[in-house]
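Trainee: Sequence:
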Amino acid sequence: MDEINRWADIDEDLLKEISKRFHAYDDYVQLRLVCKEWSLKLPKIPNGNKIPWLLLPDETVKNHSYEDEEIYHLMQLAAADDETLDTCALEEKDIYHIMLPEMQSYNKLIRGSGHGWLIVVSISDGTIQMLNPFTNRNLDLPPVSTLPTIIDYQPDNHEDEYTLWDFRDIRSTLDRDSVHRFQVEKVIINSSPEHDIENFMAVVIFGPNQRLAFYKPGNMRWVEFPTRDKRFEDVIFFQEKIYAINEEGQLYEFDTKTRAGLKGGIHETRPPSEIPVGPQKLKYLIGCANGSLLMLVRHVRHPWRKIRREFETYKFDIYELKRNRKEWSTLDNLDNYILSIRFNSSVQIPVPFLSKGNQIWFTDNQIELQSSFYDPVPQDIGIFDLDHGSFQRVLLEVKFFCPPVWLLP
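Position one of the sequence shown corresponds to residue 1 (UniProt numbering), numbered consecutively onward.
Note that these hints are calculated values from the structure, not bench results.
For each residue, glycine too, the CB sits at the ideal point set by N, CA and C.
Careful, some of the hints might be misleading.
Result set (EDC-like, lysine to aspartate or glutamate): computed pairs, CA atoms no more than 16 Å apart in a straight line [as the list claims (entries may be wrong)]:
{"#": "1", "residue 1": "Lys315", "residue 2": "Glu198"}
{"#": "2", "residue 1": "Lys41", "residue 2": "Glu12"}
{"#": "3", "residue 1": "Lys41", "residue 2": "Asp11"}
{"#": "4", "residue 1": "Lys36", "residue 2": "Asp9"}
{"#": "5", "residue 1": "Lys230", "residue 2": "Glu253"}
{"#": "6", "residue 1": "Lys257", "residue 2": "Asp169"}
{"#": "7", "residue 1": "Lys241", "residue 2": "Glu274"}
{"#": "8", "residue 1": "Lys230", "residue 2": "Asp169"}
{"#": "9", "residue 1": "Lys326", "residue 2": "Asp387"}
{"#": "10", "residue 1": "Lys44", "residue 2": "Glu12"}
Label-pair distances were calculated between CB atoms; the ranges are [as the list claims (entries may be wrong)]:
{"#": "11", "residue 1": "Glu240", "residue 2": "Glu159", "range": "36 to 46 Å"}
{"#": "12", "residue 1": "Asn138", "residue 2": "Glu159", "range": "46 to 56 Å"}
{"#": "13", "residue 1": "Pro217", "residue 2": "Lys44", "range": "21 to 31 Å"}
Could you put together the complete structure from these sequences and hints?
Mentor: Structure, rendered in structure tokens:
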């Protein structure tokens, strides 16, 4: 009994240091279950666990109703073997099943993830909510009707509920479901509101012209950034600043710590001269541990196969902006890091012992694939290996209502 008590009374700092060696989240859960004392000493969400989960919506519509609890699947690519990655059904080992009744795929669209939270838009009422599937906590953000593009919202005007500024900045009307499904492109957060609600902040890419707005606790509406520029493709929090990139590869920088509020605009660094531009040349930003910024260009094609259009990533370009430099340079090696990109805040992940580095993990972010309630489609999910210049397609035969998303505990 004394031996058991001695382990139960292990120093809290030492136990947390040991927990950092548990790279898989399910192993970490088992560690917390060793005894009551360890469960109290270790947080529900491990600070040292940086392997993202791939959150997969249920791929079937059979016998589904609005009252059903929605089934989601969690998979860690770093821990999965080739057999699991190539599976045609989500019933294999290394895949875990969770029930999220708040996430019925007919009505909910995931528009971001970060710090263990999902950012979800409701099609039926336009609410924007943060959900934490690990702790079952939730937090409301301002609804779609408070975005700067919205002029008026009249729920009783059937098929013309919204008056808003369209892509030509002309006043127009649009039905409720279309607005709720397409006005929000991506939402990012700077931290978990459970840890620091006072300094919490969210940023949204919104509207047909892909502008930027932000939210801070106490705000009733989304507040537009101090720039009217358009066509932003990604935005991140990095080193207490906000960085954004537009479709032409122009970098923007905004300071969040000024007394006058958010300030900033076009960064002095110009886009790379040879950067690809176009609707299938998607841009992503990633902040690195060494202080550098990375810009990824994702090349996507959409061949017509039979009747269905299937998007497919076939190439990545990587550019690096080193600290205190004013010019992008090309990068062809990520060393012992993995880049994870999609609706989540794109992140750089140090390689755990059970995986290899120099890879890009990607999922789909073609919003137009979510245009049908009842027609699940294949998704562009995979791993790009820079060492060999090769792609490994993941869950190629599985169809989903909405794109899967990376979820970092």
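Trainee: Compare the structure with each hint and give your call.
Mentor: Going through the hints against the structure:
1. Lys315 with Glu198: violated (41 Å)
2. Lys41 with Glu12: The hint holds at about 6 Å.
3. Lys41 with Asp11: Distance of about 9 Å is within 16 Å: holds.
4. Lys36 with Asp9: holds (11 Å)
5. Lys230 with Glu253: Given pair Lys230, Glu253 holds - Cα atoms ~15 Å apart, limit 16 Å.
6. Lys257 with Asp169: violated (31 Å)
7. Lys241 with Glu274: Violated: Lys241 and Glu274 sit about 27 Å apart, past 16 Å.
8. Lys230 with Asp169: holds (11 Å)
9. Lys326 with Asp387: With Cα atoms ~28 Å apart, Lys326 and Asp387 exceed 16 Å; violated.
10. Lys44 with Glu12: Given that 16 Å is the threshold and the Cα spacing comes to 14 Å, the pair holds.
11. Glu240 with Glu159: 36 to 46 Å: At 45 Å between Cβs, range holds.
12. Asn138 with Glu159: 46 to 56 Å: With a Cβ separation near 31 Å, Asn138 and Glu159 fall outside 46 to 56 Å, so the hint is violated.
13. Pro217 with Lys44: 21 to 31 Å: With Cβ atoms ~22 Å apart, the hint holds.
Against the hints set out earlier in the document, violations occur for numbers 1, 6, 7, 9 and 12.
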